[in-house]
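Asks: Here is what each chain is made of, one letter per residue.
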Amino acid sequence: MRGRSLPAPTITHILTARRRSRRVARLLYNLYRTMETDQHLHRSLEQEAEALGHYLIGGPIPGELAARYAEAESLIRDRSQTGLDRRLLDFGVRRPWSIAPLDAACALLRPQAMLRDKLLRLAGILEASPAGAQNFLPESRGPLGTLVRLAGIAVSSVIQLVIGAALLKAIEVHAGIAENGQ
Amino acid sequence: MRHDVIVVGSGPAGVNAATPLVEAGWNVALVDFGNRETTYAPLIPNQPFSQLRRTDAMQHRYFLGDRFEGLASGKVRVGAQLTPPRQYVHADVSQWMPVVSESFSAMESLAQGGLGNAWGAGAFSFSDAELAGAGLGAAKMRRHYERVAARIGISGTRDDLLPFFGDCESLMPATTLDSNAGRIHSRYLVKRDRFHAAGFYLGRPRLALCTEERSGRGPYGYEDMEFWADFNRSVYRPRWTLEELCRRPNFAYLDRRFAVSFKENSDGQVCLSAQDADKGRDETIDARALILAAGTLSTTRIVLRSLGQYDTRVPLVCNPYTYVPVLNLASFGRPASDERCSLAQLTSIYTPPDGEPVQTQFYSYRSLLTFKLLKEAPLGARNALRALRGVMNALGILAINHADSPSPEKSCFLRRGGGGQRDQLHIEYRQNPSQCEMQRKHEQAILREFRRLGCWPLTRVRPGHGSSIHYAGTIPISNSEGQLTCDEHCRLRGTRGVYLADGAVFRQLPAKGLTLSIMANADRVGELVGACLATEAWRAAA
Numbered sequence: 001m002r003g004r005s006l007p008a009p010t011i012t013h014i015l016t017a018r019r020r021s022r023r024v025a026r027l028l029y030n031l032y033r034t035m036e037t038d039q040h041l042h043r044s045l046e047q048e049a050e051a052l053g054h055y056l057i058g059g060p061i062p063g064e065l066a067a068r069y070a071e072a073e074s075l076i077r078d079r080s081q082t083g084l085d086r087r088l089l090d091f092g093v094r095r096p097w098s099i100a101p102l103d104a105a106c107a108l109l110r111p112q113a114m115l116r117d118k119l120l121r122l123a124g125i126l127e128a129s130p131a132g133a134q135n136f137l138p139e140s141r142g143p144l145g146t147l148v149r150l151a152g153i154a155v156s157s158v159i160q161l162v163i164g165a166a167l168l169k170a171i172e173v174h175a176g177i178a179e180n181g182q
Numbered sequence: 183m184r185h186d187v188i189v190v191g192s193g194p195a196g197v198n199a200a201t202p203l204v205e206a207g208w209n210v211a212l213v214d215f216g217n218r219e220t221t222y223a224p225l226i227p228n229q230p231f232s233q234l235r236r237t238d239a240m241q242h243r244y245f246l247g248d249r250f251e252g253l254a255s256g257k258v259r260v261g262a263q264l265t266p267p268r269q270y271v272h273a274d275v276s277q278w279m280p281v282v283s284e285s286f287s288a289m290e291s292l293a294q295g296g297l298g299n300a301w302g303a304g305a306f307s308f309s310d311a312e313l314a315g316a317g318l319g320a321a322k323m324r325r326h327y328e329r330v331a332a333r334i335g336i337s338g339t340r341d342d343l344l345p346f347f348g349d350c351e352s353l354m355p356a357t358t359l360d361s362n363a364g365r366i367h368s369r370y371l372v373k374r375d376r377f378h379a380a381g382f383y384l385g386r387p388r389l390a391l392c393t394e395e396r397s398g399r400g401p402y403g404y405e406d407m408e409f410w411a412d413f414n415r416s417v418y419r420p421r422w423t424l425e426e427l428c429r430r431p432n433f434a435y436l437d438r439r440f441a442v443s444f445k446e447n448s449d450g451q452v453c454l455s456a457q458d459a460d461k462g463r464d465e466t467i468d469a470r471a472l473i474l475a476a477g478t479l480s481t482t483r484i485v486l487r488s489l490g491q492y493d494t495r496v497p498l499v500c501n502p503y504t505y506v507p508v509l510n511l512a513s514f515g516r517p518a519s520d521e522r523c524s525l526a527q528l529t530s531i532y533t534p535p536d537g538e539p540v541q542t543q544f545y546s547y548r549s550l551l552t553f554k555l556l557k558e559a560p561l562g563a564r565n566a567l568r569a570l571r572g573v574m575n576a577l578g579i580l581a582i583n584h585a586d587s588p589s590p591e592k593s594c595f596l597r598r599g600g601g602g603q604r605d606q607l608h609i610e611y612r613q614n615p616s617q618c619e620m621q622r623k624h625e626q627a628i629l630r631e632f633r634r635l636g637c638w639p640l641t642r643v644r645p646g647h648g649s650s651i652h653y654a655g656t657i658p659i660s661n662s663e664g665q666l667t668c669d670e671h672c673r674l675r676g677t678r679g680v681y682l683a684d685g686a687v688f689r690q691l692p693a694k695g696l697t698l699s700i701m702a703n704a705d706r707v708g709e710l711v712g713a714c715l716a717t718e719a720w721r722a723a724a
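If you're matching them up, the sequences are chains R and D in order.
Numbered according to the numbering used here, the first sequence spans residues 1 to 182.
Numbered according to the numbering used here, the second sequence spans residues 183 to 724.
The set of hints was computed from the structure by calculation and includes no laboratory data.
A portion of the hints provided could be inaccurate.
Claimed, not checked - Once the Cα atoms are required to be at most 25 Å apart in a straight line, the calculated DMTMM-like pairs of lysine to aspartate or glutamate come out as: (1) D:K554 <-> D:D248; (2) D:K557 <-> R:E139; (3) D:K554 <-> R:E139; (4) D:K554 <-> R:E71; (5) D:K554 <-> R:E64; (6) D:K557 <-> R:E172; (7) D:K554 <-> R:E50; (8) R:K169 <-> D:E558; (9) D:K373 <-> D:E538; (10) D:K554 <-> R:E48; (11) D:K557 <-> R:E50; (12) D:K322 <-> D:E718; (13) D:K445 <-> D:D186; (14) D:K557 <-> R:E71; (15) D:K461 <-> D:D437; (16) D:K557 <-> R:E48; (17) D:K322 <-> D:E670; (18) D:K557 <-> R:E46.
Owing to the predicted nature of the structure, the values given are computational and were not obtained by experimental measurement.
All chains, full assembly: derive it from the sequences and hints.
Replies: Following this line, the structure appears as structure tokens:
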């Protein structure tokens, strides 16, 4: 090759090269945006896991399990979710105190709600780990101790149901107004 | 190798039909799709379920699956009991064997070992009357029950259920009862006469499980992992027999093949057309006889397609099935023993004054993950979890099987698939109101007796028609010369050398699992085919 000079670029060459580089730049930009969106989605799913997990086991969940939840949710991608489902979930994640009453209300009034599905999936992920399994293994407190505990659960469930039903109604009404407004 | 017999299917029927033929020295080819599971089995350490949950950091891979398939939510459906390591059992089925039905959920398998890989191992022989109802001669079948029992290994007890299951010479001791079931059994023994007067009998189930070491299998180690793995090969799977067969020089395992149809040639040979499962290439395999043991619905497809009987209705029977979660008050709040087994702990037989006996199995619910139960509770997930942890040791599941017999509302037919589509099996299955009423009455009576034993039903779940996975009666044994029936030797009428060895030949089903009876009949068919070939060979030589 040495000693041979390259041919001078023509206008066509320059235009083609520009077009190509523009296409490559667009591709790279799209890839970056997709990665950014994925990262954002992953982060928001992890936040969701932290809020729901705290409700389920009464404390923070290991980061590894939150990441596993995010991975599972991105894989499963529930396509049947409605606007109300989304609102319920957003409301719960933003106000973690409301997850317990909303879940209690959904268990009776909207058993197919996305919030319930997500809680059950996270419960599965927590249970299938040595750290989380402790919260799922059977307990034996004796017949009387168990009876007292069940009574406590019944009282707390009724209170949560009453609050949750009111919250659920309010979110439903708000969602209806928002949809009509659109 | 020239084949004397082709067997289609490697499930409980296929391998048990092939065994007597191979033992008699005939050259046998077993044609099978042969899906296998290689991902999860190596990941599961041979440790008890309770220990794995506390210690194994990799448990999410086999408990939930790499694609989180164990987290699937939604309605209870047929096959929902399959854990990720068992889901290969019904892989590829919807693509290769489409079923169309609004009223029936069918489960089929293209796995090596068929549905036997997910079998609950209940091994119950039919009584003489039940065999007669199914179209099988009692006297002929007893010897085959014994042979199959010796082959697969059955454990159990000679107790109050002996008159219903008959004796078994090679019976191994039953597994140790877990504490939950043990408390129920103790109560029953105290008031046994009262229960008998009500037509209710309780005892240990017969299980295809080696509690003692036998032919390199067992003894059972109480790992409580039967839904997930096959430790020690204690529980019988048809794959164990297939492996033994593969060691014989006169046996050929032709896997990755999908059996399509057969035809009989003028020279007396049967020609099986099969499709390569990976490349889609067609091939034919010739032999002197063909045994179809691909599972009731698959065998029905092959027969209807081969005889050109598209859109012809054939009967279908399937045990109606109900399960009832119960709370055993005697175990309420008490600890449970850790040495335990996931399979059925107890079996009851209820003999109603106005119908056939109804069989119920009792399982202690502890061998699956708890989160699956959370959605069933009408409470918030956290409270449901707290409540479940408290009552888990006292939870049990009653699985009630009802008898079934043919009727015009239960049938299936094959529709030719157009435009490169596969043929579709259409199933219509409805129960008449009197049958439903009878079942409801029997269930009430059974639950009343379990209440007397301290078990309180929480709800009654009917997962829908087909959920028992006990399909039968499509090409039944019949004394009349009707088309699409078999003679008493299970030879398909109108053919010289085509035999059926699975549930398709059973005219009706008693309220029992039919797997052991399928295996015993397959053993009989294998022996009969061998005898026919020997007679033919003797005639030819003479």
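Asks: Now tell me, hint by hint, if it's right for this structure.
Replies: Hint-by-hint comparison with the structure:
1. A threshold of 25 Å between alpha carbons decides the hint, and for D:K554 with D:D248 the separation of about 18 Å falls inside it, so the pair holds.
2. Distance check on the hinted pair: D:K557 and R:E139 sit about 20 Å apart at the alpha-carbon level, within 25 Å; holds.
3. Restraint check for D:K554 and R:E139: satisfied, since their Cα atoms lie roughly 18 Å apart, inside the 25 Å limit.
4. Taking the CA atoms of D:K554 and R:E71, the gap is about 20 Å. The hint holds against a cut of 25 Å.
5. Straight-line distance between C-alpha atoms of D:K554 and R:E64 comes to about 22 Å, which keeps the hinted pair within the 25 Å bound.
6. This hinted pair checks out: D:K557 and R:E172 have alpha carbons roughly 22 Å apart, not beyond 25 Å.
7. Pair hint D:K554 plus R:E50 holds up; C-alpha atoms about 21 Å apart against a cutoff of 25 Å.
8. Between the alpha carbons of R:K169 and D:E558 the distance comes to roughly 23 Å, so the proposed pair stays at or under 25 Å and holds.
9. A threshold of 25 Å between alpha carbons decides the hint, and for D:K373 with D:E538 the separation of about 24 Å falls inside it, so the pair holds.
10. Taking the CA atoms of D:K554 and R:E48, the gap is near 21 Å; set against the 25 Å cutoff, the hint holds.
11. With a C-alpha separation of about 20 Å, the suggested pairing of D:K557 with R:E50 holds against the 25 Å cut-off.
12. Distance restraint check for D:K322 and D:E718: the Cα-Cα separation of roughly 22 Å lies within the 25 Å cut-off, and the hinted pair is therefore satisfied.
13. Distance hint between D:K445 and D:D186 is fulfilled; the C-alpha atoms sit about 16 Å from each other, no more than 25 Å.
14. For the hint linking D:K557 to R:E71, the alpha-carbon distance of about 22 Å falls within 25 Å, and the restraint holds.
15. Restraint check for D:K461 and D:D437: satisfied, since their Cα atoms lie roughly 13 Å apart, inside the 25 Å limit.
16. Between the alpha carbons of D:K557 and R:E48 the distance comes to roughly 19 Å, so the proposed pair stays at or under 25 Å and holds.
17. About 11 Å separates the Cα atoms of D:K322 and D:E670, which keeps this hinted pair within 25 Å; it holds.
18. Note on D:K557 and R:E46: the hinted pairing holds, with a Cα-Cα distance of about 22 Å set against a maximum of 25 Å.
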